[in-house]
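Go ahead and model the full structure; you've got the sequences and the hints to work with.
Below are the chains, spelled out letter by letter.
2 protein chains.
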Amino acid sequence: MSNKIRIGIMGYGNIGKGVESAVKQNKDMEITAVFSRRDPSSIQTEATVYPASDIASFTEKIDVMILCGGSATDLPDQGPLAASLFNTVDSFDTHARVPEYFDKMNTAAKKGDTLCLYSCGWDPGLFSMMRVLFESMLPQGSETTFWGPGVSQGHSDAIRRIEGVADARQYTLPIDSAIEAARDGKADGLTTRQKHKRHCYVTAKAGADKEAITKAIVNMPNYFSDYDTTVEFMDHETLLKEHGAIPHGGFVIRNGKTGDNNSETMEFSLKLDSNPEFTASVLVACARAVHRMRANGTRGALSMLEVPLAYFSSAGIADLRTGKI
Amino acid sequence: MSNKIRIGIMGYGNIGKGVESAVKQNKDMEITAVFSRRDPSSIQTEATVYPASDIASFTEKIDVMILCGGSATDLPDQGPLAASLFNTVDSFDTHARVPEYFDKMNTAAKKGDTLCLYSCGWDPGLFSMMRVLFESMLPQGSETTFWGPGVSQGHSDAIRRIEGVADARQYTLPIDSAIEAARDGKADGLTTRQKHKRHCYVTAKAGADKEAITKAIVNMPNYFSDYDTTVEFMDHETLLKEHGAIPHGGFVIRNGKTGDNNSETMEFSLKLDSNPEFTASVLVACARAVHRMRANGTRGALSMLEVPLAYFSSAGIADLRTGKI
Chain S
1 MSNKIRIGIM GYGNIGKGVE SAVKQNKDME ITAVFSRRDP SSIQTEATVY
51 PASDIASFTE KIDVMILCGG SATDLPDQGP LAASLFNTVD SFDTHARVPE
101 YFDKMNTAAK KGDTLCLYSC GWDPGLFSMM RVLFESMLPQ GSETTFWGPG
151 VSQGHSDAIR RIEGVADARQ YTLPIDSAIE AARDGKADGL TTRQKHKRHC
201 YVTAKAGADK EAITKAIVNM PNYFSDYDTT VEFMDHETLL KEHGAIPHGG
251 FVIRNGKTGD NNSETMEFSL KLDSNPEFTA SVLVACARAV HRMRANGTRG
301 ALSMLEVPLA YFSSAGIADL RTGKI
Chain P
1 MSNKIRIGIM GYGNIGKGVE SAVKQNKDME ITAVFSRRDP SSIQTEATVY
51 PASDIASFTE KIDVMILCGG SATDLPDQGP LAASLFNTVD SFDTHARVPE
101 YFDKMNTAAK KGDTLCLYSC GWDPGLFSMM RVLFESMLPQ GSETTFWGPG
151 VSQGHSDAIR RIEGVADARQ YTLPIDSAIE AARDGKADGL TTRQKHKRHC
201 YVTAKAGADK EAITKAIVNM PNYFSDYDTT VEFMDHETLL KEHGAIPHGG
251 FVIRNGKTGD NNSETMEFSL KLDSNPEFTA SVLVACARAV HRMRANGTRG
301 ALSMLEVPLA YFSSAGIADL RTGKI
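For the protein sequence lines, the chains are S and P, in the order given. Position 213 of the first sequence, counted from 1, bears residue number 213 in this note's numbering, the numbering being contiguous throughout. Position 116 of the second sequence, counted from 1, bears residue number 116 in this note's numbering, the numbering being contiguous throughout.
Keep in mind that a hint or two might mislead.
Pairs involving identical chains hold if they fit within one copy or between any two copies, as the list cannot separate such chains.
Said to hold, decoys possible - Cross-link-like lysine-lysine pairs, in silico, BS3-like; alpha carbons within 27 Å at most:
id	residue 1	residue 2
1	K61	K24
2	K195	K271
3	K257	K241
4	K257	K17
5	K257	K4
6	K27	K186
7	K271	K186
8	K24	K271
9	K17	K4
10	K27	K257
11	K205	K215
12	K197	K241
13	K257	K24
14	K186	K24
15	K241	K215
Source of the hints: derived by calculation from the structure; they are not laboratory data.
Structure (structure tokens):
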């Protein structure tokens, strides 16, 4: 019998596919099953696919269920249901609703005697960890998070809903001078417009009014009106060819003062070819931590802030002590 | 009665002074006493100074003792002695001897029913944490640590021991092209010489042979012979004025592959005006974590790899969940 950590994947979109791929890089785990609300026969994967409604019969076969649904409509219901049955990992990323989501997950996990790691990934997730770590070490200072260069799915979707738009990709771009200011501890007064800009690649429908599309984009409240936004039209073939990937990344930068006004800068950054694949890689390391912490007696809902880093590693602490400290 | 965490400082050099300064930035802690092997009356500080030999009478008055001695001669004896009496934090940084030091500290801590966080600071410490975190998330990849730009005390001392040298400062400088290679996952084959270079500012004694000094430096085994080293002579006034500070920093960079050969880069960096003050700031956050984990029942010797990040923060987890995730 295998001693590997038995992973379930709930939801087989970009993140779910990324999890399947990431598990292959980790010898201490294996995919036991994929669950989907779509017709299992329609899904192309090496793993066995079951209907999402079957999960309750897998409680003895899966050690950690990785929830790969979205935060808007999937996780608020799917999360607590899964948490009452399985140890889980999810990437719930609606920052403002994290406390509410935690409450639901914690209640479900206590009921199910499970351990659930919520809001994993890189933001929330790694970036949250860095914000807390940096502030703890430099309490007198200021911190800025920058996102990009990268494709924002939400902003791309917002453009696609405009009349006359066939397809679109929106890139969020941090502004170099703002990054430099953050490193020097001078980013506190910067406006939204001074920190990021937005560039949109748009394929218009035949005969669409490009000027009207551009105006609709740059003036869109919440999404674009607070930013310097540029719009570039191209045919669909070029859009798919040149902007088919889903790169992303970002920076957490804190500058603080110590002693007699000495300046200290801590910085964490990510540069990602594939946002969903990297996010999935984080979720998989989180699944290992969940499996181990549950074995050590921990129950309930936790964030990545509450996980000792050694739990993410496939190496034991004695090996880490020798090779990594 | 104060509810603040009561901190003791053992050793009042640059790190000890930095701890005193860092504690002032944290409202949940206070300095109870400084201990020194020097004559207490010779030490300039706002805190009360006691002879190091008096520590045993402070076990009820101090929550965490921060050990600010050096790794070569102070900590190997001082660490276990203190660990048998107090919860401790230290910055033991001889990487190769960490397992041996852990054994001694763990034995002493178990005997004393204390919790000891060893090898804290930034390397070992934050850099160790990042090496483990990055590898856990990108198991198929390669990682490089760069140090500097910064002053190396050990290398500066080595130059001062050369005949004819009055004073010296050695800067370790990472090589930009190597940093770029690491970000692209192409640093694996780089030699020592390709990753860092060394620049030395030297004040020669009157009448000393500068050419001989330069030769002695650049050919010194272990310290300089594997690097491209440059030597620059200057008068002592200029040396003190332009190179009196102790800046340092560095980079941990990991590039890994996900999915179908997508490239993902994780990077952590520090840029420090004052190496000892920043190290001290880390030690102080570690003291908070020790105090809390001990209160929750943890005993023995731990590294920063074994501390959930939330423990370093002065904020409670509910506040972190709302504001930082």
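Right, here's what the structure says about each hint:
no.: 1; hint: K61 <-> K24; result: within (19 Å within a copy, 53 Å between copies)
no.: 2; hint: K195 <-> K271; result: both (18 Å within a copy, 21 Å between copies)
no.: 3; hint: K257 <-> K241; result: between (47 Å within a copy, 21 Å between copies)
no.: 4; hint: K257 <-> K17; result: between (44 Å within a copy, 15 Å between copies)
no.: 5; hint: K257 <-> K4; result: between (47 Å within a copy, 22 Å between copies)
no.: 6; hint: K27 <-> K186; result: between (45 Å within a copy, 24 Å between copies)
no.: 7; hint: K271 <-> K186; result: both (24 Å within a copy, 15 Å between copies)
no.: 8; hint: K24 <-> K271; result: within (22 Å within a copy, 37 Å between copies)
no.: 9; hint: K17 <-> K4; result: within (20 Å within a copy, 49 Å between copies)
no.: 10; hint: K27 <-> K257; result: between (44 Å within a copy, 16 Å between copies)
no.: 11; hint: K205 <-> K215; result: within (16 Å within a copy, 72 Å between copies)
no.: 12; hint: K197 <-> K241; result: within (23 Å within a copy, 42 Å between copies)
no.: 13; hint: K257 <-> K24; result: between (44 Å within a copy, 12 Å between copies)
no.: 14; hint: K186 <-> K24; result: between (44 Å within a copy, 23 Å between copies)
no.: 15; hint: K241 <-> K215; result: within (26 Å within a copy, 57 Å between copies)
Every hint, counting from the list given before, is met by this structure.
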